[in-house]
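A.B. asks: Chain by chain, the residues:
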Amino acid sequence: MQVRWYQNKFVWLVGGIVGAGIAAIASLSSSPTPTASTSTPAVLSAEFTKAFSVGAANAKVTVVQYSDFLCPGCSQVSLGVMPKIIEQYVKPGKVRFEFRPMAFVAQDSTPAGEGALCATDQGKFWQYHDAAYTAVWQGYFSKGIDPSLVTLYRDGGMKAVAQAAGVDNAQFDTCMTNHAHLADIQSMTLAAQNSGVRGTPYVVVNGQPINGVPTFDMLDAAIKAAL
Amino acid sequence: MNRFALWWLRIIVSLRASWTILRKWKYGLSAGAVAIGFFLFLFWSLNLNLLWFLIRAQRLSLGDKLHVILGSPLDGIIQSGLVQGGATLLLVGLQGVVISVLVYSLRRQATTSRQAVGGSFLASAAALLGVGCVSCGTSIIAPIASLFVAGAAAEVGKQIHDTLIYVAVLAVLYALYTSGATAARTLAIEKAKTPASE
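Chains as they are written, first to last, in our numbering: chain A, 19 to 245; chain B, 4 to 201.
Every clue listed holds true.
Listing some non-contacts, in silico: residues in chain A with all C-beta distances to chain B over 10 Å: (1) Thr-67; (2) Ala-75; (3) Arg-172.
Chain B stretches covered by chain A per the calculated footprint, using a threshold of three residues with CB under 8 Å from any CB of chain A: (4) 43 to 52; (5) 64 to 71; (6) 75 to 86.
These are calculated hints, taken from the structure and not from any lab test. Even for Gly, the Cβ is constructed at its ideal location relative to N, Cα and C.
Given these sequences and hints, build the entire structure.
C.D. replies: Below, the structure is given as structure tokens:
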């Protein structure tokens, strides 16, 4: 007896798998887009917005990077890709770059994020940003260690990162001990998630989102297309 | 002949049949095209919106577009490391061979191996699920894992994610074996039909 194609369980199984795959990809690649105008969560104070940004305020293109200090891909972007973008586009005034810290990847994400805000109080956000990503990349991610196993901020690494960032230790320690910015980093994370950020790194170029780790060429092309 | 020797013989016959088909330029070329297409799809699957945006961008020249669309996946492979990158390249290359061999059998005999099609689809699905980073939330594995193991979704998801590329390679190897076996039968039938003088 001949079996028609639609009576074949195998065809339905394969069709189901393909359909589920397409739906999953479609849902990932069409995640809600935080546009340049809405990329700054309302909870971010003017002080933080200014501290986390570099470049001309009236630049034609805005690049926003949502990032967790315990995310391996974010380390790659922050240490490898963004410095080139800053050199090539931000310094000449063509692009404004905004960093949005989040804390959700691992247990140490929250103290790392709090540290970033405590360093911001002393005007040392970018120094802390560089020191934190360098420490976690060199000590863990370059060796393939999972973020959940990072103990940098529990093993006295916070002091080393703070020192590398050049902050005043006493003031920084007081800020960390009092959890002065715990609510802030939690609010920033929630605000980013509410605006559609499901994972990090998540980069937005004038409203055009890029999921995962972008290569320099991807960002370069997206910026050129937007300029 | 013991079971192992028979199994080994089948693999040799299957690989030889696949190689015979790949030497025909049309099928060799299509294997390469499928491999490149699958590779590009895997890389861009997380950013189909961006890909479409770049394709339509009027400010980018054709050279710029080709550079970013074809060059970025190669950078991505380099970033992903030797083992993961090598496994991905092996997977996409074998996937191209399997599809090409399947098409050959389908065109000649109007038949194909279910196991080969299933293995190829399984490999594609596993490879797609393996895209992204579980801990960072850019992979679709963690949400799926959370349906079954709510508390340890990230950890379980990470373990599944790390093994997916190897599952995909095993699946495509199985597909290669079964599609090659079908192709060997197709080639044998063709040879039997060919007059001895030719």
